[in-house]
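Top line first, the protein sequences correspond to chains A and B.
Taking our numbering, the leading residue of the first sequence gets 1, the next gets one more, and so forth.
Taking our numbering, the leading residue of the second sequence gets 1, the next gets one more, and so forth.
Hint data in this document are derived by calculation from the structure and do not stem from the laboratory.
Heads up, the beta-carbon is just placed ideally off N, CA and C, and yes, glycines get one too.
Accuracy of the hints is not assured; some may be wrong.
[Stated by the list, open to error] Within a straight-line C-alpha distance of at most 30 Å, the following computed DSS-like cross-link-like pairs (lysine-lysine) qualify: (1) A:Lys2 / A:Lys199; (2) A:Lys24 / B:Lys14; (3) B:Lys139 / A:Lys2; (4) B:Lys139 / A:Lys214; (5) B:Lys14 / A:Lys244.
[Claimed, not checked] Listed below are several chain B residues computed to face chain A (Cβ distance under 10 Å; list not exhaustive): (6) Ala16; (7) Arg52; (8) Ser56; (9) Ala111; (10) Pro175; (11) Ala177; (12) Ile284.
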Amino acid sequence: MKFLVCISQTPDTTARVAFTPDGKAYDGTGVTFIMNPYDEWYALVRACELREALGGTVVALNVGPAANETTIRKALAIGADEAVRIDAEPTSSAFTARQIAEYARAENFDIIFLGKETIDYNGAEVGAMVAEYLELPYIAFASKLDLEGTTAVVERDIEGGVEAVEVALPFVVSAAKGMAEQRIPNMRGIMMARTKPLKVVPAVPADEPVQVVKFTLPPPKAGVKLVNPEDMDELVRLLHEEAKVL
Amino acid sequence: MVLVYAESPRGQFKKAAFEAVTFGKKLADQLGQSCAAVVLGNVQGDPGELGRYGASRVLQVANEQLNTLDSQAYAQVLAEVARQVGATVVILSHTSTGKTVAGRVAVRLNAGLVSGVSSVASVESNGALVVRKSVFSGKATAEYAIVSPVKVLSLMGNAIRPEAIGQPVAAEVLPVAVPALRVRVREVRTVEGRVPLPEAEIVVSAGRGMKDPSNWGIVEELADVLGATTACSRPVADSHWRPHHEHVGQTGIAIRPNLYIAIGISGAIQHLAGVNNSKVIVVINKDPEAPFFKAADYGVVGDLFEVVPRLTQAIRKFKAAQ
Ligand SMILES: Cc1cc2nc3c(=O)[nH]c(=O)nc-3n(C[C@H](O)[C@H](O)[C@H](O)COP(=O)(O)OP(=O)(O)OC[C@H]3O[C@@H](n4cnc5c(N)ncnc54)[C@H](O)[C@@H]3O)c2cc1C
Numbered sequence: 001m002k003f004l005v006c007i008s009q010t011p012d013t014t015a016r017v018a019f020t021p022d023g024k025a026y027d028g029t030g031v032t033f034i035m036n037p038y039d040e041w042y043a044l045v046r047a048c049e050l051r052e053a054l055g056g057t058v059v060a061l062n063v064g065p066a067a068n069e070t071t072i073r074k075a076l077a078i079g080a081d082e083a084v085r086i087d088a089e090p091t092s093s094a095f096t097a098r099q100i101a102e103y104a105r106a107e108n109f110d111i112i113f114l115g116k117e118t119i120d121y122n123g124a125e126v127g128a129m130v131a132e133y134l135e136l137p138y139i140a141f142a143s144k145l146d147l148e149g150t151t152a153v154v155e156r157d158i159e160g161g162v163e164a165v166e167v168a169l170p171f172v173v174s175a176a177k178g179m180a181e182q183r184i185p186n187m188r189g190i191m192m193a194r195t196k197p198l199k200v201v202p203a204v205p206a207d208e209p210v211q212v213v214k215f216t217l218p219p220p221k222a223g224v225k226l227v228n229p230e231d232m233d234e235l236v237r238l239l240h241e242e243a244k245v246l
Numbered sequence: 001m002v003l004v005y006a007e008s009p010r011g012q013f014k015k016a017a018f019e020a021v022t023f024g025k026k027l028a029d030q031l032g033q034s035c036a037a038v039v040l041g042n043v044q045g046d047p048g049e050l051g052r053y054g055a056s057r058v059l060q061v062a063n064e065q066l067n068t069l070d071s072q073a074y075a076q077v078l079a080e081v082a083r084q085v086g087a088t089v090v091i092l093s094h095t096s097t098g099k100t101v102a103g104r105v106a107v108r109l110n111a112g113l114v115s116g117v118s119s120v121a122s123v124e125s126n127g128a129l130v131v132r133k134s135v136f137s138g139k140a141t142a143e144y145a146i147v148s149p150v151k152v153l154s155l156m157g158n159a160i161r162p163e164a165i166g167q168p169v170a171a172e173v174l175p176v177a178v179p180a181l182r183v184r185v186r187e188v189r190t191v192e193g194r195v196p197l198p199e200a201e202i203v204v205s206a207g208r209g210m211k212d213p214s215n216w217g218i219v220e221e222l223a224d225v226l227g228a229t230t231a232c233s234r235p236v237a238d239s240h241w242r243p244h245h246e247h248v249g250q251t252g253i254a255i256r257p258n259l260y261i262a263i264g265i266s267g268a269i270q271h272l273a274g275v276n277n278s279k280v281i282v283v284i285n286k287d288p289e290a291p292f293f294k295a296a297d298y299g300v301v302g303d304l305f306e307v308v309p310r311l312t313q314a315i316r317k318f319k320a321a322q
């Protein structure tokens, strides 16, 4: 079996969010970057588990500049066998999806994994685009994935519940909480990651049909109104008369 | 033409569909165009009722193969309908279905996609459509210009209210070919009773301050009197005190209800990320230094085991008097 795991790099969850003075780009000065949690905790770990059970190869793929190689090495330390970096700034979902699809087209992966969304731009767009470029089925928000021969049984989160579906290989899947348990790379994994292959591939040109106009930070909250804990009638009155939410 | 995909999970229109049609109608007015809604598969009731929310045409591809989601088939049919009606904008809901399909539709139509849109910022003279969405898990807002001739967007839940701004119309059946399905639904398990979190207008959420899963009765009771949906912080879901689908935050579900009541939750940055788009936030915490108070509109410093039953009582009294 051949599994592709698309990993992206995002600011650490505790990072302060700031933008360049023209408001056109994220300002990552002094920010620690991490592997997008859904990619790392669920997509990558499940792919490694399947490889351990069935044999095969796990390829970790990142569209990004050379600075992302620390994150890519972490994917190798967690268990990917080899890595590919497509050498470009991932400027949009459309661009990123195009790159992933171009690379994957020639490789015949059995399953292409992604995280359900990135925690920075919250698009949840790339998986569906990759699947369409490759004309493959796509299951999003999968919280469970098992293989029965060449058929996968996947549970996907839907509003207020779960739907179990059946799909034949190959397909694209986005991973949500529940698909696997987070793995902390051990010393051996970290050592081995240094010698695993990391291939750099040039990007292909792609249209940019969506452009950033500006980013803004929310206005600061007016400040909390404290209510006497003995007097919940007062809180109800405020929610009804002032906030108008009751 | 603005084309809205009015989704009907398991044959029923939900709030998300009505919101999307109202949003589509308002955008169509702004563009000087009309708004059509498209329905996939069989639905309960008359789809022409979508006219009430602003659709001047309702199109139905009533093929039973579309009663369950296969994103490939959905995208192919939606793109074909968009071509047939000459759509310049295609709108979906930012739901599990919409997120699965929107990217595919965009690729098929060679269109720019912005997902999770909360509002339209402007329509530019060069034809670009500028939309707003929340990014960095609610920590910032972005404005994006979609510059392709055809534009696709998905609308964030609770971003606008459905409005009765039209009349029911006669639904038209569209004969569109449906490809062979590649995804087969085996089983659906839904949680009955409460409104799903992304759609909920009131959310009652509790954290580690609850001490033990057996204490959740007071949270459920408060949620019951409010008609609210329950949620929880990540450690609560991780320790299996509550089901995974209740986990809100940066690595859980992002929500934007009208009222969010946080009980015994400290307000870590990752938690706030998923909830700070709520219209009104109430925090109940015994620690006056809890970071959540900085993000709250109303705060109660006190022991939740006393405050929550008292609040439930006060709401009961208020509802009875109404
Ligand atoms: C990468 C990453 C992603 C994360 N994603 C998320 C996420 O999506 N969602 C999320 O929630 N967290 C997330 N976290 C975890 C987050 O950092 C916090 O650890 C978590 O939110 C804390 O949960 P809590 O508020 O329930 O518990 P605690 O921080 O332990 O807070 C409990 C609170 O209850 C109060 N309390 C205790 N007893 C009482 C009482 N009797 N009456 C009133 N108040 C009481 C305490 O004063 C305290 O403020 C993430 C962390 C990381 C590193």
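Status of the hints after comparison with the structure:
As the CA atoms of A:Lys2 and A:Lys199 are separated by approximately 17 Å, the hinted pair is consistent with the 30 Å bound. Taking the CA atoms of A:Lys24 and B:Lys14, the gap is about 36 Å. The hint is violated against a cut of 30 Å. For the proposed pair B:Lys139 and A:Lys2, the alpha carbon gap of about 37 Å is over 30 Å, so the pair is violated. Under the criterion of a C-alpha separation no larger than 30 Å, the hint pairing B:Lys139 with A:Lys214 is consistent with the structure, at around 14 Å.
For the suggested pair B:Lys14 and A:Lys244, the alpha carbons sit about 24 Å apart, so the restraint of at most 30 Å is met. A distance limit of 10 Å between C-beta atoms decides the matter here; for B:Ala16 the minimum to chain A is near 8 Å, and the interface restraint holds. A cut of 10 Å between beta carbons decides the hint on B:Arg52: the least distance to chain A is about 22 Å, and the hint is violated. Below 10 Å, beta-carbon pairs count as interface contacts, and B:Ser56 has none with chain A, the closest being about 27 Å; its hint is therefore violated.
A hinted interface residue such as B:Ala111 counts as satisfied when its beta carbon comes closer than 10 Å to some beta carbon of chain A; here the least separation is about 7 Å, so the hint holds. Checking B:Pro175 against chain A: minimum C-beta separation of about 24 Å lies over 10 Å; hint violated. The closest approach between the C-beta of B:Ala177 and any C-beta of chain A is roughly 16 Å, which is over the 10 Å cut-off, so the hint fails. Interface hint status for B:Ile284: upheld, as the beta-carbon distance to the closest one in chain A is roughly 8 Å, under 10 Å.
In summary, the numbered hints that this structure violates are 2, 3, 7, 8, 10, 11.
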